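Chemist: Heads up, the sequence shown is in my numbering, so the first residue is 164 and it goes up one at a time.
Rather than coming from a laboratory, the hints here were simulated on the basis of the structure. Note that the structure is predicted; figures quoted are calculated from it, not measured. Check each hint, because a few of them may be wrong.
Label pairs and their computed distance ranges (CB to CB) [stated by the list, open to error]:
#1 N240 <-> A266: 47 to 55 Å
#2 V213 <-> I191: 56 to 64 Å
#3 D247 <-> A267: 24 to 32 Å
Pairs of lysine-lysine, DSSO-like flavour, derived with a Cα cap of 30 Å [claimed, not checked]:
#4 K246 <-> K262
#5 K262 <-> K280
#6 K235 <-> K246
For glycine and all other residues, C-beta sits at the position ideal for the given N, C-alpha and C.
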Amino acid sequence: MCEPASVTAGTAAVGGTTAGTTAAASTITASQMFMYSLAIAAASTAANMVAQSEQANAMNSYQSEMADNYNKTAVKNAELANKDYIEQTAAESIALMQKQEAAAQEVQRIQRERLEKQGTALASSEAAGQSLQFLMDDYHRQEAL
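Produce the entire structure from the sequences given, and follow the hints as far as they go.
Modeler: Given below as structure tokens:
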């Protein structure tokens, strides 16, 4: 089972001379070659696993950093949106108060005008009533004469 992978020509021709035996001893057997191959494959696999592990760690670090940046950006966007909403609401509240004040002033102006007109109408009707009374009194006096 463990035969030499290569036999020197001297050993085959001489049939076991000392020189041929020494050359055969320095050659690698198939099982040794297989073991060396396994060792190289294992070393290569280990190196690949280390490289993949380092790459995975780098990718995880990058993804974690990207997630942190995304979260920071989302928080800043939310803060800015809240600030804009507060400012917009405040501006709308101020505009509403100004409209309410203008409406109240308009109501007061209309009430003042109505009271002034009522006062004028009342004064006119009293004067007209007195004038009518004077005319009636004048009429009754003329009839009595």
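Chemist: Hint by hint, say whether it matches the structure.
Modeler: Hint-by-hint comparison with the structure:
no.	hint	verdict
1	N240 <-> A266: 47 to 55 Å	violated (38 Å)
2	V213 <-> I191: 56 to 64 Å	violated (29 Å)
3	D247 <-> A267: 24 to 32 Å	holds (30 Å)
4	K246 <-> K262	holds (24 Å)
5	K262 <-> K280	holds (27 Å)
6	K235 <-> K246	holds (16 Å)
Checked against the numbered hints given earlier, this structure breaks hints 1, 2; the rest are met.
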